[in-house]
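**Q** Protein chains in written order, with our numbering: chain A, 1 to 446; chain B, 447 to 640; chain C, 641 to 1449.
Possibly wrong hints are sitting among the right ones.
Said to hold, decoys possible - For lysine-lysine, the following DSS-like pairs were computed, each having C-alpha atoms within a straight-line distance of at most 30 Å: (1) K1066(C) / K741(C); (2) K10(A) / K64(A); (3) K793(C) / K379(A); (4) K208(A) / K1042(C); (5) K738(C) / K712(C); (6) K793(C) / K208(A); (7) K375(A) / K738(C); (8) K324(A) / K379(A); (9) K1066(C) / K208(A); (10) K398(A) / K738(C); (11) K398(A) / K712(C); (12) K375(A) / K741(C); (13) K10(A) / K208(A); (14) K324(A) / K208(A); (15) K1165(C) / K967(C); (16) K1066(C) / K1046(C); (17) K967(C) / K1046(C); (18) K398(A) / K967(C); (19) K738(C) / K64(A); (20) K208(A) / K1206(C); (21) K741(C) / K398(A); (22) K375(A) / K967(C); (23) K1066(C) / K642(C).
If you're looking for bench data, these hints aren't it; they were derived computationally from the structure.
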Amino acid sequence: MSDTASSAPKPITSRFDPRFEPTLYAHVGVPGSHTLSYYRSHGGYEAASKALGLEPKAVVDEVKASGLRGRGGAGFPTGVKWSFMPPVDGRQRFIVCNADESEPGSFKDRYLLEDDPHQLIEGMLIAGWAIQATIGVVYVRGEYYHAYGRLAAAIDEARAAGILGRGVLGSEFDFDLILHRGAGAYICGEETALMNSFEGLRANPRLKPPFPAQAGVYGLPSTINNVESFCAAVHIVARGAAWHAAMGTDDSKGMKLYQVSGPVARPGVYEVPMGATFRELIMELAGGPSEPAKAIIPGGSSTPLLPWSDATLDLPMDYGTMAKHRSMLGTGGVIVIPERKCIVDAYYNVVRFYAHESCGKCTPCREGSATWLPKMYQKLLAGQGTHEDLALMEDMVKHMRGTAFCPLADACAMPVQASFEHFRHEYEHLVDQGESLYPRRREWAA
Amino acid sequence: MSSRQPLPTVTPFFADKQERLSEILARYPEYGRRSALMPLLWEVQRAERHVSEARVEEIAEILGLHATEVKGVMSFYGTYHEHPVGRYHLQVCRTLSCSLAGADTLADFLEDELDLVNGETDPEGRFSLQYVECLGSCGTAPVLQVNDTYFERVSRSRCRALLDAMRRDTLPEPTLERGGDNEPNAPDQEGGAA
Amino acid sequence: MKVTVNGTVLELDPGTSAIDAVFAAGFDVPYFCSQPYMSPIGACRMCLARIGAPRKERDGSWILDESSGEPKVFYFPAMMATCTTAIMEGMVIDTLSKDVKDAQNAMVEFTLINHPLDCPVCDKGGACELQDRAYEYGTGRSRFVFDKRHQEKHHPLSALITLDRERCIHCKRCVRYFEEVPGDEVLDFIERGGHTYIGTLEDGLPSNFTGNITDICPVGALLDATSRFRGRNWEYDHTFTTSLDDASGSAIVVDARTGRIERIKSGLNPEVNKSWIDDGIRFGHEYADDPERLKRPLLRRGEGFEEVSWEEAAAFVAERLAGFSGKDVGVAIRADATLEEGVAARALAQHVGTGQLDHAPRHGPSLVPLHGATVLDVATADALLVLGDVTEELPALDLRIKDALKGVSPPELFAHGVPIADLRLKERMPRASERLAVVAPYRVDLMKYAGAAVQVPVAGEAAWLQAMAAVAHAQPADEAVLGMPRAEAESLVRAWREAQKPIMIVGGFVLASEAATEAAASLAKAVGFRQVLVPPMANGVGLEITQVLPSHARYDYQGMLGGSAKALVLSNLNPAVDPAVAERLRSCELLVVHDLFLTETARLAHVVLPGTSGYEKDGTMVSLEGRFLPVRAAPVDAGEARDLTGVVKALGEAFGQRLEGRSVRSARRVLRKELGFDPTELHRLGLLRELPRRRAIVSLNVRETVVGDSLRVPSLARPEYLGRNAHLRAALGGPALRLHPEDAAARGLRTGDEVVVPVDGVPRRLEVRVSDAVPRGVSLVPATPEAPAGPAAVALDDLVHERRALEVA
């Protein structure tokens, strides 16, 4: 396996580039795709066998070279994360899968889990080998019961077939999975909160350092990745780092599962090379908005919205571009906000979510995200807001940013700030007129 | 130190489920026994539609914890119930994407249709209603979760049919819709595996 | 490491937290969640600061600032909580800039939005960290116009602690405390987010150490139920003193107001109790305010008593004493008397010319071990063998044992005191249970934390210790006696021998037996243990080394009661609870009793002199580790009550003699000569001294106790006062008869039943408590000063059922 970067041809940044071939999502939706026989008949577990024939470090290097960045939202380079594991010292090591997909607008992992559970198992097996962890933990959010069942059945099948357990796939390597079900807490998507939850504790985020590689699950060396990241690793090992790195932009390599929701013709998940534009995703794949739109949330509700415009639609969806536009790629969960949705109402909805999900550990989040900010929105929406209230809200979210223990308060504050930045007139209209610029809608499909 | 008043005797939940209990405990390493806490809560809730204080104490006893610790964990999560929910526990997502697809109207419809408010169980114990946050069904919004099953793209007519079925104590098969690339009956798209 | 705080440069050890750096530099930063001796968690976000540090190039050299040529400081993008940030070389911390002030204002405002502004009616008002910080760091106004969160007020967490949920600011100190300090997670957060509150499902917070949460609560959410609504902090006189409730030497602060003790808080003594005390010490003071306290001397007139002046009482005693041959007089004091009182008792005995002098309770063997260890040694031990029920007998040691299991050495102190954020401490730290072995005749609490726990038969300690010594000497030993396979015993011995600091803690069950004490010493010698011996009462060590002891074994306390003394002076002792002793005392020609209450013994006395409680006297005590500690009188109205020096002063005056020990000061003149230092000059944290070991201590003229198969067990609640400590009694229940469920069932007994049962022939009124921690066939009854820990005969067959417990629905 080699690197190819320098002499490579023009990178693939469009789904319509003939060189692009879907991998992650190639089998989702196909009847029977969740079974081992289907998976094996489509080349399943060949990548794992290949990885087991390599030195663990070679697998880590391959993933590093692929440029894969964590698909859970933060975008940390996956291979680099794997390399943080301390040297093998006899202590149990864990590879953990964060399948607590809960960020509003994100739903890609769910279908991977439901329809292609073996892809995840294979990815975790590869990662387990790479970091020399013999136990994998899959933490599935409690609501994904169908996915949980599919994964449990897949694990049983894999065990029976010698893919999990002692000496997996005929190698000397032992590897098994613990499947663990959450119970309704968004904060478990934060990696250390997830570990606390797995350990049977309240899911408050932990202090970092120590990072999971030093002290993760049960205080033992652990690495945690998103479902999609593990799945991507399967194809990186199968097809090589160069294949992966041939897709995407400078800082964002490979394929990515984008999700589109809101009023568009064909909402859903689309596998697209990184660097594809919003236009390709929303207008071409998802069929465009079904009514006039005014904003795009690029990657789940915590990412600051971008105003709907030709310029926005032409932005490539990658980490760097989103950062440059003071937003984030997040999970790639794109939400289209229609013109006729009151932005204050929309952001009350967003804030209500974070209020519900605040763990209560730290002051700015418990008192800001979970208490004061939603009350301010209620006051505004009741037509009782003042301009001082708007100033207060802006001041409040300013002080929620960068002061809290974990990113949840930022996740609540940042999008609110962006909504003020781009749609202040809607807030002011509400204050001045006592009612929303766009009245509440009652539409619901018959 | 202080003496606890003995609680009224309740047959322990796991008294006749020792095998299942051992299976759950065996999932986790010995030093991680406490990890079985959430699965044990699930186990009780699945059977009894809530986790009573007696069960909390039983689980604490099994895991060598104080009941307070179990309660602290249980109450942290949104889907463990202190009081019994209905045989059909309806969970409506009202988060942004669902809301844009009419979830608030769906919620109102359910409240009116079932004469329930958020958090209530009806007197017969058939229906209960809970507003929840994002269920990860944004592309197939709005979604109604009945117990552990998702019903997606719930239109008014689908919702009515679903309620009627549940009133007859049947739960139809969920509609497995995917949207996007992998809608089983979507127009064939490049790369889609229809 | 070099750190710069607001321009002040200082040199600090690596591992120091940024918050301690700020304080060390003489600056202040607010905090609510940090608490000395507990893990820093960064939850309240009050201690935010702007922090930067230089970075290194890949080659290890500093990245330099182009203009100055100095290492360039890179600031963190967000403000950092200083409590959870470790210092780095060259770190720059800014706590004064406008951004930081704005953030502090904002955090105060957030904290206050749901906190009721009921300071005028809050007990914590004037001593509230939130109130202070809001003044110092807030803007003085709130923009929160909504109703505050309404939650339960006056919620009784237990009989001892009241919770006001509206005042809670979620700092988590109390929740962390239970997990990190006593290790009993009986309090936790319930719910999440804005709905989070603290609560418990354990009735009455079952832990011996609950009261400490009222000390560390930064607001008025957790309050000492015994003192609620009784006074404001500024109205109290705060007396920093040493508890005489046990021999730990725990520092306490006695808060008194208008002559009455309102509450006791923990004092800080890093080498002894840190900032923790058990509930017995904290809540066990109510007896001092009991309306039945004796306030004036009483003189017998026929069947009754007459209140008299001290002069009259003393004159009566002096006159009657003159009629005795000196050697017929006995003087005995309780073992929690101060050194000064001991000197006074000695002086009295010398004056009348008697060798019948003793303190009680005491064991036969000396309390000064051959190779002793300190409390701090216990806290840093890497192998511990605990013999007995330390959690009840000397709770302070229980906590230090748990420190040792965490393996974090005591922190170095700063000029500002104990580190505010010791970054070595974590939430839910692993405990090295393999370091701890516990041996006791029933299932004691500490066994939960022990790698090896052995339940021996009643009085089986000697045999066990001998068997372990045999293992240590590679001799045969009976596995049934060892209570474990020989291989396990061998690996224990190996671990003890390989340990750097192995310590044996010897409790009352062992010290009650000469043979067991000897066996403990032999095992200690065989594997290299240093020993900590647990005295039965606070100043046992001190009264031993100042020789408040009989001249001959037959003149010991039991000897005096048995008839060797015709005239008796007893201070705070109540032997007449035993009807047989009472019968003998009735024929005593002169009985002088110095006590707080009209006890069974006082009722038989010719003269009763009102005594002072441990909170009302000045003096010195010597803790179990040989630490000399000052005892200071709180300003409490005790009527005409005097301590023993006061008694000796009055008697001396009546004798026309100026006796040594007629005041604390005169006693100290004597002590200075004997000890080589002046106790007047003792630092409040005490002075640790090498103690003289008197191998030839006068052994006990042990009364023929019927060694039964039951036990008198220690309790953190002083049984002699439990009936007068209403809150403590409500929390702990009355003095208990603990029985195995089968034994209880066989007699139709239920938890809560009140019974009268003979214990070594003395009828005791006890409350039944059924517990599977008790072995079958064994009854556990509380030890008392008259009958300290040890084997006992409990005549269950003669039990009288006084009152049945209420049927539980």
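**Q** Now tell me, hint by hint, if it's right for this structure.
**A** Cross-check of the supplied hints:
The hinted pair formed by K1066(C) and K741(C) meets the criterion: a straight-line CA distance of about 29 Å does not exceed 30 Å. Taking the CA atoms of K10(A) and K64(A), the gap is near 21 Å; set against the 30 Å cutoff, the hint holds. Between K793(C) and K379(A) the alpha-carbon distance is near 28 Å, which keeps this suggested pair within the 30 Å criterion. The suggested pairing of K208(A) with K1042(C) holds, with an alpha-carbon distance near 25 Å, which does not exceed 30 Å.
Taking the CA atoms of K738(C) and K712(C), the gap is about 22 Å. The hint holds against a cut of 30 Å. Proximity of K793(C) to K208(A) is assessed by CA-CA distance (about 36 Å); at most 30 Å being required, the pair is judged violated. Distance hint between K375(A) and K738(C) is fulfilled; the C-alpha atoms sit about 28 Å from each other, no more than 30 Å. This hinted pair does not check out: K324(A) and K379(A) have alpha carbons roughly 34 Å apart, beyond 30 Å.
Restraint check: the Cα-Cα separation between K1066(C) and K208(A) comes to about 11 Å, which is no more than 30 Å; the hinted pair holds. Taking the CA atoms of K398(A) and K738(C), the gap is about 14 Å. The hint holds against a cut of 30 Å. As the CA atoms of K398(A) and K712(C) are separated by approximately 28 Å, the hinted pair is consistent with the 30 Å bound. For the proposed pair K375(A) and K741(C), the alpha carbon gap of about 26 Å is at most 30 Å, so the pair holds.
As the CA atoms of K10(A) and K208(A) are separated by approximately 40 Å, the hinted pair breaks the 30 Å bound. For the proposed pair K324(A) and K208(A), the alpha carbon gap of about 27 Å is at most 30 Å, so the pair holds. For the given pair, K1165(C) sits about 41 Å from K967(C) by alpha-carbon distance, which is inconsistent with the 30 Å threshold. Restraint check for K1066(C) and K1046(C): the C-alpha separation of about 10 Å stays at or below 30 Å, so the hint holds.
Proximity of K967(C) to K1046(C) is assessed by CA-CA distance (about 55 Å); at most 30 Å being required, the pair is judged violated. Taking the CA atoms of K398(A) and K967(C), the gap is near 85 Å; set against the 30 Å cutoff, the hint is violated. For the given pair, K738(C) sits about 42 Å from K64(A) by alpha-carbon distance, which is inconsistent with the 30 Å threshold. Restraint check for K208(A) and K1206(C): the C-alpha separation of about 73 Å exceeds 30 Å, so the hint is violated.
A C-alpha spacing of about 14 Å is found between K741(C) and K398(A), which places the hinted pair at or below 30 Å, so the restraint holds. Between the alpha carbons of K375(A) and K967(C) the distance comes to roughly 84 Å, so the proposed pair goes past 30 Å and is violated. Our distance criterion of 30 Å between C-alpha atoms is met by K1066(C) and K642(C), whose separation comes to about 25 Å.
Of the numbered hints given earlier, the model fails hints 6, 8, 13, 15, 17, 18, 19, 20, 22; all others are met.
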